[in-house]
Amino acid sequence: MSWQELLLELTLMPLLAFVIGLAMVLMMRRIAAQIQRRVGPPLLQPIYDIVKLYSKQTQISHGFIHELGIMMAVGGYIAAEALLPVPGMDGLADKGGLITLIYFLMVPTLGMALGVGQCANPNGSIGISRALTAMLAYDIPFVIVVFGVAFHYQTTNLAEIAAIQQAHGVSGWGMMEMPLLALAALFALQGMMGKQPFEVYIAPAEIATGPMVEMSGKFMGGLFVMQSFQYYTAGVLYTILFLGGGENWLTFLPKIFAVVAIPMTIAMLFPRFRTEDLVRLMWKWPVMAGLLGLAFVMN
Amino acid sequence: MDMGTLMFAGALGLMLIGTAALVLSGHLMRMVFGLALLESGASLLLVLTGYRSGASAPIILDGVVPASMVDPVPQALVLTAIVIALGVQALALGLVLRVHRAYGTFEMREIRRRMERDICDQAGLELPSSNEVPEPYPGSPKPQQGEY
Amino acid sequence: MTPLDHLLLLSALTAVFTLAAGNIRSAGWIATLLYAAQGLALVKMWGMGYGPEVADSSISFQLLGQTMHWRFDSLSWFFALITVGAGFFSSWFASGGWADHYRAQGNSLRLFHSALALNVFSMLVLLASGDLLSLFIGWELVSWASFLIMGLASTRAMGYAMRYLTYAIAGAMAILMGIVMVHAQTGSFEFAALAAAVPGMSNGTLWLLLLLFGGGFGVKMALVPVHLWQAKAYAETPGPGAAFLGAISSRMGLFALILVIIQLVGIGRLVGMSIPYTFLDARDLLAWVAVFTMIFPTYIALRQHDARRLLAWHGVGQTGYMLLGVVIMDDLGSAGGLMHVFNYATYQAMLFMSVSAIMYRTGTADLNQLGGLVTRMPLTFIAMLVGIIGLAGLPPMNGFVSKWLIYRSLVAEGMPLLFVGAVIGTLGTILSVYKLIHNSFLGQLRLEHAKVEEAPWSMTLPMLSLAAIVFLTGYFPGVVLDWISALQASVGLPVLAHHLGGVHFAQGGLDMIWINSLLIAGIAIGALIFYSTGRSQRVHQLDNYAGGHFLSADVRYQYSDNFYPGLLHLIGPWYRKSFRWAESALVSLTDALSLAMQGLYRQVQPSIYLLITVVIALSWVNIR
Amino acid sequence: MKDIKKIEIIQRPPPPEPARRTNPLARVFDELVRFCQSRSMFMLHYCTGCGAIELPPAMTSRFDMERLGIQPMVTPRQADILLVTGYVSVKTLKRIILTYEQMPSPKYVIGICSCTVNGGMYWQSYATAKVLKDYIPVDVYIAGCMPRPEAVISGLRALMEDIRTGRGDAWKKYYQNYDFYLGNQQRLFGEKWQTPTDVIAEAHHYGMMTDQTLGEHTDLLEQNEVPLDALRTRLKARTE
Amino acid sequence: MNNLILLVVLPLITAFLLPVIDRFSTLAARWSGPLVLLITTFIGASAWLQLGTGAVSLELGGFRPPLGIVLYVDQLALLFAIAVSFGTLLLWPYGNRGGLRQQTLTLLLAGSGSGLALSGDLFNIYVFYELVAVVSYGLAVSLRTPAAFAAAIRYLIISGFGAALSLAGIALIYDATGTLNLAQLAQLAPEKLNDLQGLSAFVLLLIGIGVKAELFPVNTWVPEIYATAPKRVSALLAGLVSKLAVVVILRLLVLIFPQPEAHTLLLVLGILGVLTGELAAWRARDLPRVLAYSSIGQLGIVFIAFSVPGEAGVFAGLAMALHHLLIKPALFLLAERWDGSLAGLTGAAKASPLGAALFVLFSLSLLGIPPLPGFWAKLLVLTSLAQMGAALYYTGAVVIMLGMVLEANYLFRIIARMYQKAPSTGTPPGHGRLDLAISSMLGAGLIAAVFLLAPLADRLQGIAAQTVDVNQYIEAVNPVPTRNPI
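Chains as they are written, first to last, in this note's numbering: chain A, 21 to 319; chain B, 30 to 177; chain C, 10 to 633; chain D, 1204 to 1443; chain E, 155 to 640.
Calculated from the structure, these hints are not laboratory results.
For each residue, glycine too, the CB sits at the ideal point set by N, CA and C.
Just to be clear, a hint being listed does not mean it is correct.
Not the full set, but computed from the structure, chain B residues with beta-carbon under 10 Å of chain C [to be verified]:
{"#": "1", "residue": "M36"}
{"#": "2", "residue": "L43"}
{"#": "3", "residue": "I46"}
{"#": "4", "residue": "T48"}
{"#": "5", "residue": "L51"}
{"#": "6", "residue": "M60"}
{"#": "7", "residue": "R141"}
{"#": "8", "residue": "R142"}
{"#": "9", "residue": "E145"}
Below, simulated DSS-like cross-link-like pairs (lysine-lysine); rule was C-alpha separation at most 30 Å, straight line [said to hold, decoys possible]:
{"#": "10", "chain 1": "C", "residue 1": "K586", "chain 2": "A", "residue 2": "K304"}
{"#": "11", "chain 1": "D", "residue 1": "K1294", "chain 2": "D", "residue 2": "K1336"}
{"#": "12", "chain 1": "D", "residue 1": "K1333", "chain 2": "D", "residue 2": "K1395"}
{"#": "13", "chain 1": "D", "residue 1": "K1294", "chain 2": "C", "residue 2": "K460"}
This is chain A alone, in the form it adopts within the complex (with noise of 0.2 Å):
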């Protein structure tokens, strides 16, 4: 691959992935307005929001490490992206497998638990405190899920997962092969998204949406950004874990879009769980359902 190809596609995949992003957080909104009998917002809703935010006069900065803190939050996903391998594109994906991703991740949460800590409010801490222990909670189950696909596939190779997968049509997708495992990941994929009954460390009403109390105008922008991010790489991993990938863009959507669908309807049917019970529920059935698949992975 040339060097000019690779440009482009390290170019591409960010932009697709926002552009998709931003799609997802649309549908997100939509299914949530739909479940509770709204109309939702308009097709151009995600837009419309983070043009708002970015264009507000008043940017208010606590500081520099605030400021890093947003540009950690979505340089780290822009990064990310290129380690997706897309139909069509792998990127960078042979460079660093599976488990740099997976640590690719943390540098977002981090940058932003740097910046909200700078804010010094103190609902932002308790916000990250309530996230860093929600991570605790989910990564578990989601790296007996990473360690038995790892295992199974005998690579960590991203691109070469899919292309496995791929190889056998549908029934030699993960989900088929390991189907314990894919729930387990399911699970995970609720708390890594955030999303109720997870999502105590936002808790609005308690502590004024957590992390992002002092974020204001292109400070929420960047996290509108991020989230975005968050929605595709979430979808794009688990289809690549577990639902054979991308052949092509014509599959690769619905599946994606389809991954994400399904914490959304979840989501809305559940109040919060608290942060002891979160992190009691990820410890207890999803992780006795991916050991128990990894079992089954692994003689």
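The hints should help you fit chains B, C, D and E onto chain A, whose structure is shown.
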């Protein structure tokens, strides 16, 4: 039972009596006497090792060696032993006297207790008690709640 | 004079110099230069870092029919590099403002500097050991040198140093027992003799040796059943000393473990030694010990509110990664474990330094009494930031590379539970390092810290240099991996195929140059987006939304104590203090026994024992 | 539901023609931004009084504000519009002002219920502020006791229209006439009145200083000002 | 060589003459003791140089062995005889401490101690042993406090009991063999004493002599005496007297009782000694008793070492014994002014930096920290134990190590106290100049030993080899072939 065995038994008996006095009694004087008995018994035992039944005294008169004589060596030895024992007993009595003068008792238990207290007083310590727990290392702070 | 002699001589010279002239103002600087000279002497032995060279020392002793000798190989060289480097940076840090501060508190600078120099010297002697006897001598020297530097600061520190000492002596005794057993088996203290005798040994003997050596070395590494001593002892050590100890001291245990158990006994033998009635073998045992060492101390660290203790507990936890990596014993894992030694040394030293810089300026390391210092001490903040990213093992720092290698090899070897355990450890690390940086540098700046200034250059420069090393070796891990592959070859482990940016691995490799460039580019784009729109306006920290409440500076609203209440509400009851209980039970037992023995010697009737003994002994000989 | 979309928008006089910019693209851009601002309004509903009870119906499935791009937010930092719903007691007013000042510009205030207009049924009360716009600039009043959700939606749409056309700039008045507002606040709260937000510095920052910004009341503020904390950002911004 | 008898005789005679000399000149009386000891040390040293690695026996009064009294001089005996002379010289009551009585007793101790070391005859050993015992009672009460008297009478009772038993043991031996000459006994032992009677005799002798050697469990006097006697006396008792008893036990073990049962008995008692001593020391609250209990533990290690048959065990045990001989007196001298509670030692290092440093040095060597001599001694013990391979011997090794852990804890607890900041209530006292000088000398010796380790080890190994060489002993004494006296 010939004479030798009898005396052997007697020596052992002396030792036993002495030991009993030493161990069973808590009275200092009795202990010292027990010690004396014990030493006598031991000396008797030593002398008896040279005893031959029916032999004569090991005295060579005019170059005539008796056909059977008792071994002279233990007799020589036991003399020394008796002298030493005597010295030790004298010393022991002296010490007992001193102790009695200081503590006014012959009871070993009481003496032991008073001695321990004296030692502790001199070192500036309380009497030992099982209630007191030593620190495993000096200045070791008591762990607080929640601290690991 | 061989190059090794030069190194040891220089090191001894440093010790002598600091002993003689440790009190003069520039002693720290001169000592730093001397450490640099030791570094140069190491560089002269560069060949060992890249190939199978061995340097002998011309010193050797003949005693009791045994020869003691000293020599350096790739393994020693790698550890020596870290040792001398840690000494250099710690001494640098301790040279300028810190030294004045320390002296002003009524402490003896001479004692500190000479303790540091003695530590470096004794570690080099240990690293150079050429047989079991010289290994033990070096081991004891290191233990006592550590004791010295731990205990010199305060009564409290001495208390923890005493605890360390008790553990260390117990460990040393285990090692001595092992050495004596080897001697009984082979009649020699030579490494070669042990290696030759291993195939002929029964599994039982080998298990005993493994437990003795492993236990003894494990004490120094603070592996799990014997981990209690380390954190507090390190935490109470004066700042740069803690940096030094944290960076390298307990790694001596790993060195010895690699030397004796990996190099001499060998992996093949370890895997063959199965634990009865289980499906585990000796290697699994070591690996599980390593994993528990990661998990327990890390979660203990989570509950600390003293920054030094928090870091020190992490030090205990990170040892687990090194051991785990090494005992996986494939090319990836062992390289990961060994690289973690280097990486960990760099950022742990830096973290301890930044904490002592905070202490230098604010006088406290209590995380509940700090906050918001980033505006006051930005350089120190950078150091700590780089450090915690490294410690948490996130890209782009070097800690990521070593952890990646360990995880990757666990996947390749198919060890899921170990993998999950390691991840649990890492997650706990992330949680507590965030607490560390949040409670000290972020959040509300306290009124009394309003006038705090940045630490002096003599302190920030070493930190920043270390930060640069952390970043650069994260960018180009091949630099370190070169040394490690030479080491692997010399120890007899499979050699890792690598390049400047990472590793080749057929089933998903790693290229840090790409990864880091990608991350930097991503963040650069993020910054571009961020700065392309309106100028942001800085507000002060009281202009903060608190539910409509008016905040004021005299009120403390920093969220610091019990930072993870939800988690601890759940897992709090799991902290059973079992090890602590076991330790105190042991002390109580000793105490009770001691009391009984004293009672024995306080017997009223002096002759009763004599009688009893005579009776028993006579009956015994007569019954026989 | 379709009926709701047909609610008549109250006709208002056309906005004054904004000054022509030389760059036509910039104008398009401004238009776009204003459009987006009008279609994405995050509101902070400060539930001061009874009017708040009408907001849930306005938000949920019956009237569904979200189709207009209006979402509730819980912190002033994220919010664009401040809904003051009902009577404003003195104590509450302090919080309202604090919250208002913490909102990033451009920001809009909607006074709901008659109480915010003239005190309403509480006009005799010793403890309420009668006229909200004396203390902060108000963009839209929605009168009624209480106004029905339709009225609320209608008021919001009026505000949207104002924003889209560039007339919704009441927030600028706060900077431009700060002395006036501060004076009223001081009259109510006393001379020691002070908020953490440095409005004057912000006025500097956005170039909205007029001769009305500073005056005797700001002088009084400066005299009585307690340094809030050691971070010197406030003074620094003012001297720039 | 023949003047070696002076080692015994000269101090004894001088001791008895001392009151007479004192009549004429107090000064002469005060200095005649050291002078005599200096002479005997010199005689011993010159004999050492002359002796080389050989062994000779000196017959007294012209009687040939086995009937005559024999002094057997080999390296071991001479070494300890010199140690006695030199040790008493060092620990002499200088400055007229305790008056004439002390000087007399010390001289008596020197004479009888040398005799004990050099005797080649079981009964002479008994006699000298009793003499040493009597002298030590006298020394123990030199402070003349009630507690000292009480401790001494307790000591006397237990020691007298032991002596009587050993006398009975001697009787048993004589009964079996008809001789008390060690060389002849060594010849006869394999056939005549290799039975129950012989073993019983050994038990009686071991327990009897073990009282002085601080053998468990007949050492209950140790903490009492060391706590009540002056530290100089404790130093003599712990350093010299106990070692002399150890040497006697070693001789008996090597020459007469090589049975495995004897070794096992010694091993078990040694193990128990280490355990009880170290454990009791862990809780001790004043320095003299800490040192007393620690001394019990250390001697336990010596016994454990001697329980290993053959040259290795003797070598290791001798190394341990000599090391302890060097260290304990020095530690007791340091404890002279530090004899209060341990808590009172806080800040002692400030008052006496050299003393504290020496204390650290000795403690380190006592613990066996390389490269100090104590380590090599302990290494020898441990390797010899491991060579045996039997479970009981391994137990011994493990117990020694446990003891070291405990010892490290309690010794460094004290040291940590010393180096703490002094309390405001007053600093603990510094040291007397003389005590400090002697301790420093011993400390210097210890450090010199580190550098002379290899030659010292070789020499000691030679001594051990000579000691276990029974034939050399027999040949050197060359007793008249045994003859039934009846």
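Checklist entry - Of the hints given before, which are not true for this structure? => result 1, 2, 3 and 13
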